[in-house]
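Peer 1: So you can see what is in the structure, the chains are spelled out below.
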Amino acid sequence: MDKQDVFIKSIQENEKLIHKVASFYTDCKDDRDDLVQDIIYNLWKSFESFKHNSSLSTWMYRIAMNVAIFNLKKTKRKVPTVPIALNILDFPESDSNEFEEKLQTLQKHIKELNLLEKGIVMLYLESKSHEEIAEIIGISKTNVGTKLSRIKDKLRKVILQ
Amino acid sequence: MELDDLKNNWESANNQITNQNILTPKSINEMIQRKYQSKIKKIKYPELIGAVICFIGLNFIGFNFNKLDTLFLQIIGVLAILLLTIMPVLSFLSLKTFNSANDFDKPYVDIIREFANQKLKFLKYQKINAFLSYLLLVTVIVLLPKFFYGSDVTINKSFWIFAFSLGYIFLLFFSKWVKTIYGNSLKQAEKLLSEIEH
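First to last, the protein sequences are chains S and D.
Okay, so the first sequence: first residue is 1 according to my numbering, each after it adds one.
Okay, so the second sequence: first residue is 162 according to my numbering, each after it adds one.
None of these hints come from the bench; they were simulated from the model.
Only a predicted model underlies this, so the values are computations on that prediction, with no experimental measurement involved.
Where hints are given, some of them may not hold.
These stretches of chain D come out as covered by chain S in the derived footprint (C-beta under 8 Å, 3 or more residues) [unchecked claim]:
1) 226 to 235
2) 350 to 357
Straight-line alpha carbon distances no greater than 25 Å define the calculated BS3-like cross-link-like pairs of lysine-lysine that follow [said to hold, decoys possible]:
3) D:K352 with S:K108
4) S:K16 with D:K267
5) D:K187 with S:K141
6) D:K187 with S:K3
7) S:K9 with D:K187
8) S:K152 with S:K141
9) D:K337 with S:K16
Think of the CB as a built atom: it goes at the ideal place given N, C-alpha and C, for glycine as much as any other residue.
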């Protein structure tokens with residue numbers, strides 16, 4: 001199997017991860033599609049330098065989240081993109097309207113967090129351990145715990161307001 | 162509603178999509194190829210148009226410089242030429258900051274730091290350019306009547322009364338606009354940097 005085939009297989013095995021990061025950092029389908037492609041392009045660029053020091057998914061999270069940051073500052077100059085049928089990240093409909101409303105409020109406040117907090121929340125939602133979050137973010141495990149509890153407090157306060 | 166509730170919801174949403182495959186080998190290949198092409202084709206049209214306008218203006222003043230017969234007008238002419246040279250350079254420099262290639266295989270926090278620093282640099286360039294544009298506008302107001310009608314407006318008292326009062330009002334709104342546009346973004350970038358360090 002050549003390098004490109006290995007890469008394509010790795011992407012297919014982890015595509016959910018890419019879609020989730022793209023969805024977390026964008027607000028509309030067009031931006032999400034652009035970001036997915038930007039992430040895949042940059043994963044391909046860095047694929048050769050992947051040293052297996054961390055797991056493939058940890059490495060992918062790091063690249064995808066880092067690309068997402070720089071994607072935020074791009075202007076709306078569109079380049080031709082490959083259309084992606086993607087509506088997988090819409091949350092399942094809830095029976096309770098009140099719950100749905102609260103969920104939306106929480107999501108809205110998460111979008112307003114700063115980039116560091118947003119990254120930590122994203123990985124927390126992905127059920128990553130403190131060790132994994134620390135490895136991807138580049139801060140200590142203790143710092144992850146501290147920041148996470150601060151974020152939870154912050155969100156609790158804004159939601160209660 | 163807590164973050165943990167959202168986490169449960171997030172997990173149940175993920176369970177629903179476990180077996181969905183959207184990306185095919187063909188589409189992944191296309192993404193790599195198209196991105197590669199788009200990098201080559203990437204032309205900064207607004208900056209390019211701005212640079213062409215500055216170049217035309219610069220040549221116009223250069224070729225008509227002999228019409229500027231007083232020392233004051235000549236100083237204003239030189240100032241306009243300098244502004245028309247510096248502004249596109251600053252614009253391209255800020256774009257260079259904006260589009261510099263990044264190594265994404267780094268910890269997230271390092272990329273945020275890099276992002277915030279680049280944003281600060283970019284915004285500072287833009288802020289300088291906004292003020293230079295204002296200066297350029299002033300020089301153009303003084304020079305144009307001389308170029309097109311051969312009259313020196315600077316010797317006309319009513320021109321100065323009009324120019325000062327209008328210029329003051331314009332500057333008031335202009336500085337407020339610059340402060341709103343760039344000030345908030347600068348503050349956000351600085352805040353982000355300080356939050357990373359703590």
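Peer 1: So, for every hint listed, does it hold in this structure?
Peer 2: Evaluated hints:
1. Coverage of the segment 226 to 235 of chain D by chain S is violated [criterion: at least 3 residues with CB-CB distance below 8 Å; count 0].
2. Coverage of the segment 350 to 357 of chain D by chain S holds in this model, with 4 residues showing a Cβ closer than 8 Å to a Cβ of that chain against a need of three.
3. For the hint linking K352 of chain D to K108 of chain S, the alpha-carbon distance of about 20 Å falls within 25 Å, and the restraint holds.
4. Taken as a hint, the K16 of chain S and K267 of chain D pair is honoured in the structure, with Cα atoms around 22 Å apart against an allowance of 25 Å.
5. Between K187 of chain D and K141 of chain S the CA atoms are separated by roughly 40 Å; this puts the pair beyond 25 Å, and the hint is violated.
6. The straight-line distance between the Cα atoms of K187 of chain D and K3 of chain S is roughly 15 Å, inside the 25 Å bound, and the hint therefore holds.
7. Taking the CA atoms of K9 of chain S and K187 of chain D, the gap is near 12 Å; set against the 25 Å cutoff, the hint holds.
8. A hinted pair counts as satisfied when its Cα atoms are at most 25 Å apart, and K152 of chain S with K141 of chain S qualifies at roughly 17 Å.
9. Our distance criterion of 25 Å between C-alpha atoms is broken by K337 of chain D and K16 of chain S, whose separation comes to about 45 Å.
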